[in-house]
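Residues per chain are reported as follows:
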Amino acid sequence: MASQHSKHLLNFPDMRNEKLPINLGKPGQFTWRDYLLMLLDIDAGIEHALMVQYLYAAYSLGGPQVPPDKREMVRRWQQTILSIAKEEMGHLITVQNAITLMGGVISMERNDYPWDHEFYPFPFELEPLTLNSLAKYVYAEAPEEWNEAHYCREICDKLQHGPTPPKDKVKSVGALFKTILAILKDPNRITEDDFHPETYAYQAEWAAWSCNHGMPSGEQASNQLQGSKSKTVKTCPTTADVIIVPVATRDDMIEALEQVAEQGEAPKSATEESHFHRFLKIYQEYKQHFPENSPIKPYKALPVNPTTFDHIQQQSGDLSGTSTQITHPISIKWANLFDLRYRLLLTFLTHTFRLARGVNANNGAGNYQAVMHNAFKEMYNLKSISDILTRSPLHTGMDNEDTFRPAGPTFQMPYSLELPASELSCWLQYRDIFAACKEIRAWLFDWLDEKDQQQINYLHAMENIDNETLHWLDTVIEAHKLARSMRS
Amino acid sequence: MKLNKIVILPAMAIARMGSSEKPLDNYEIKHDPKAPLDFRKIKRAETFIVDTQTGEITETLPASDEPPNFKDNNKIRPVAPFLEVFAVIEENGEEKLSPLDTHLLKHFSLAVKWHVKAGNYKVYRRTTDENDKVTAELTDISDHKQYALNGYSPHFIKDENGLPKSIPFGKIQFIKPNKTHPEIRLRYTPGKGLVYGSTPTKELPNVFQPQEMGGVAYSGIEIPPERIVYDSEKGLWNGKYTDNDSTLNTLAQGLYAAYGKAPYFNYYQEPQPARGYLDDACDGIITIELTDQAGHVAYSAKARFCSSPPIFAPDSEFVRTVQDDLEQVLLGPDIENQQSAALSLAQDIVRRAYETVRFMNLSVLNGDPVKGRPNHADTMVGNDSEDLGRAFQPIMAPHSLDTLSITALHQQLYTAMEAGIPPWFYDLLRKPDEVADLTDKGRRKMPAMMSGADARYLALTYRQIDLIKNAGKDAMFGDFPVENTGQLTPKNLTAHLHYRGQSNPPNTHINSSVGNCCPGLEFDFRSVWKRAFVGITLVEHDNYVLQADAEYADLQGRRLLSFDIEKDGEITNWPVVVQAIGPSADGTSTEPLRTDDNPDGVVSLEWSNTLAYIWKHAGQKLKCYFTKEKMLNKQVLANLPADQIITKELEVRNFFEEGSTLINEALAEPGELTQGLCSPWQNDFRECVCYYWASSRPDYVNVEPAPNGGSQGDNWMQKKRTGQYVVDDYKDNRLINYQDLFMDWEALLKFQIGGRDAE
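If you read the protein sequences in the order shown, they are chains A and B.
Numbering (the numbering used here) for the first sequence: 8 to 495.
Numbering (the numbering used here) for the second sequence: 685 to 1443.
Check each hint, because a few of them may be wrong.
[Unchecked claim] Simulated restraints on C-beta separations:
1) A1026/B <-> E199/A: 53 to 63 Å
2) D453/A <-> T1169/B: 28 to 38 Å
3) H478/A <-> D1441/B: 43 to 53 Å
[As the list claims (entries may be wrong)] Restricting the straight-line Cα-Cα distance to at most 27 Å, the calculated cross-link-like pairs of lysine-lysine (DSSO-like) are:
4) K986/B <-> K390/A
5) K860/B <-> K986/B
6) K1251/B <-> K77/A
7) K488/A <-> K1055/B
8) K714/B <-> K445/A
9) K458/A <-> K863/B
10) K725/B <-> K445/A
11) K863/B <-> K829/B
FYI, nobody ran anything at the bench for these hints, they're computed from the structure.
All of these numbers come straight from a predicted model, not from anything done at the bench.
Where is the CB? At the ideal position from N, CA and C, for every residue including glycine.
Just chain A, with the same shape it has in the complex:
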């Protein structure tokens, strides 16, 4: 299915031509600012889709069948892919900062999987980490000039003869960034009036968002200064190098987007490995230790594009035939809970851009920080429920060891991510989502049994923490109601 942007991209430049066309594919009815915002919106969707795709691949790794001597390696693969996913999240957030600076609308939207996108050579799909899916990631993250003869040929051949060969005429993400930067760098297209530096305080900053999940891009830890142990610390491939850059000027924005563009293919720092290199390294190890014909796999056989809807009910996704419906009633509920928490995460994320950081020293730490930390909490919930889903049966009758086939995290998009216009309504919306979670939990409490003690414990803890969050929400809602009544 073509994306909502497709009709506006008919003239998007073909990057195989050396020279970019003068109008950079801008349709006549767009202003340059508007066109730039649309392209940023497209990129945000791609970053989001990549992040989720990689998360799913990482969560698929493991299972009791992995031989003990290979577990350390498989665990390292998982950490590496999770670090790449975190970096994609950094990209997503930095792009939101850029959109905010330009006065655009925060964009956390994407389509459900599978999603065939004109800027990606394959449909975005949720699938386990197989040699084939790895080959796709390597191919998609490869720099244009990639020609490491052996692996390039092998991977291209493999994909060409596989079920989803790369599209012939794809508008690459690299091309998208080239176009974005070309527009941005031209003061005749984007004028100084198009930037809104006063939004800086509303943007995400590294110190608050990723201070403990990596280091600012390019910064090297300098522990070698300490004492006699010369300890050269460099960005470890399993540690995310999360780029989250608030931007106040054209130059800030150019630099931030260049960093984002480079991280996938060719990072600036010599000690950091690109996404492409990290995936390629995993591919090489994977091929050696779990060759195509090996009966032992390093992953759990998660379904491709799991969904709680049947095909007719699917709202989006252009290859609905390749999705897999979860039919086990308990797993459906877990997937519903997963999707609700995913909605919470995306809503909290979107909301942070509306709330100024605590710039008013008289008010102290307030809603901004609370909403931001709630976003982190939901990331941890997604991690937990993903794990539960990968241990839960896909269909009824798959409960026992012999027939077991796992479900997987669904990552289905909510009907809307648009925040209500009034601040009070935003808070009320959270309360609705928490209430829906409570209902699902109640159902699960009724149906889970003793063997599911770990899941029951988790639900109790979740309920416990949700109740605290609701207590906080009630206080904030009351404050807003009071403020509104005083205004009126």
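Since chain A is already given, all that's left is putting chain B on it; use the hints.
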């Protein structure tokens, strides 16, 4: 049946002071499986009631769903631990650990004798005058009377009857075995937590500036005549002693009641002369001897004890406790079998982390301005600037955190672990050699905003860190190992370490004691490492060689720089100091943090982690590197040129007494494990804001969500509860001040149950 040896358990018991006649009941801290993140519930557990006249356990108070009363009107109920004696019995070639009781004594025809030694070396630690040691000794106790454990000092005055005055350290009673309770046990009841004073000085010290505090002047404290014990003419403690050497003094300097400015200024500006105050805290060693019919000692065993302030948040535990430090010595800094480390062990650390965090006002400790006012509270942010000249700057992004949201974030980690997710935040933990990394990234590592034993950022023990790295790591492959400490047996020393004792409440156990912190609360636990190498004594917080035996006399006055140790099959040079680093003045690069006094920005690392890898080499010699130059007031990094270093092979001491979890007597004599603490201890509750041990001495209480989305609550030290936190300020009379604490601490300090004032 053969009696091979006897053991006292717990090998280290903590008593907690209070003036009520009724010792605190035993209790359990239970977590509700349906609300696992709530404050844990305190429920009274079976409690022995002792008739102090007869020495017998006359009654057992049953368990109850209600918590015990921690106060008896305005008097705090003391925590009085029992020390139990166990016998290692061999039968049919197998050893087992059984409570030593009257039947066994009769069977082996043995009689019991107890000896007790205790000390309060706080004044001695400062003045280094042997006559300032306050010591107590009881010998040959074989009856069941309650004996006063009184501390004497050559510098104490005599009473009106011409008898030497003393400080009551508490009472000792050999519990009389009876039919219901035939076991052999001893009970220690601590002192009341009173402040003792000195005789007036003929000439008041010439202080730089009188103390400026609102309300009643600090100098207005009146110690009742019966508690005036120290002779100001004989010793220096009243007005004639001032800390003046950062190497030799305690860390921090000036941890004593002082004349002149508030003691806070002792360690940041001009040290002030001591006011001559002492307290009734102590630590000591209890010995039991079993004598045969000829009166010869056939068996003996020892245990340590201390008396310390109460834990005021008894439903919470600190993120790093003395048990963590001792486990590291006992079991090593690395997890033996990484695949079998149970997730619940790491989960326990996370629980303790949020039990600590929720009592800290994180926004204030972050260094954020508060309600528009600059924040000059005593925080790590302030310490970084004061000690190492780092730019004053909040640790995390300003206003980016609040106690409620960060507590919830920690709780979410715990929640994820409930689902079987192994910890994924190893990279976020501060490694023990990164404590002086004051870059933004370094300061933001976990645990954040708290001080360790080196007065720099707290790190967990290597073993805790390794546990978080490995616990439950194979969950992705379907393996979920379970925790198993095992039974109490003669050889299972981990079980010995975990043993609490019958009727002993949890706050008697070492896992209730804040770990290797600066200076500590129950112990100055830094003091236990200073004799790790046979032949030399190091300063507890510094690499300076304070004393040396004749064989190593030449080492005195030098600094230990590093030692060689085998790790991962290789010989590694292990430095004991690091260089502090932080942002340059313009914030564009990282550089060493230098001050005039410390041009290389040298930081001595805390001993517990620094020495963690040596203990498996006990009895062996390690190659140690010292400065060639003797240097007291100069510090250098470990990577000196070879011609400025001398080497010496030194033997590693056994940390524990053979086959037990008793800390080797050679490491610390009675009085040494508490010597670096404040004198009096009440000072510490005023000196240090919460960032040493919030879960014992809370900072932020009665916390609720605030309408602005953050939190609101009270400073625990606030006299009037308003829900509006008063930022720590030595001149703000809304807070309990030194005088209040010295005179009325039991009434003023409020226990916290469920995060709320309990009374």
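Hint by hint, here is what the structure shows:
1. The supplied range of 53 to 63 Å is met by A1026/B and E199/A, whose beta-carbon atoms lie about 60 Å from each other.
2. The given range of 28 to 38 Å is respected by D453/A and T1169/B, whose C-beta atoms sit roughly 35 Å from each other.
3. Here the CB-CB span from H478/A to D1441/B is close to 19 Å, at odds with the stated 43 to 53 Å.
4. With a C-alpha separation of about 50 Å, the suggested pairing of K986/B with K390/A is violated against the 27 Å cut-off.
5. Proximity of K860/B to K986/B is assessed by CA-CA distance (about 19 Å); at most 27 Å being required, the pair is judged to hold.
6. With a C-alpha separation of about 25 Å, the suggested pair K1251/B and K77/A falls inside the 27 Å cut-off, and the hint holds.
7. For the hint linking K488/A to K1055/B, the alpha-carbon distance of about 23 Å falls within 27 Å, and the restraint holds.
8. Between K714/B and K445/A, the direct Cα distance comes to roughly 25 Å. Compliance with the 27 Å bound is thereby established for this hinted pair.
9. In summary, the hint linking K458/A to K863/B is not supported, as the alpha carbons are separated by about 45 Å, beyond the 27 Å threshold.
10. Only pairs whose Cα atoms come within 27 Å are accepted, and K725/B paired with K445/A is accepted, the gap being roughly 25 Å.
11. Taken as a hint, the K863/B and K829/B pair is honoured in the structure, with Cα atoms around 19 Å apart against an allowance of 27 Å.
Consistency note: the structure conflicts with the earlier hints numbered 3, 4 and 9.
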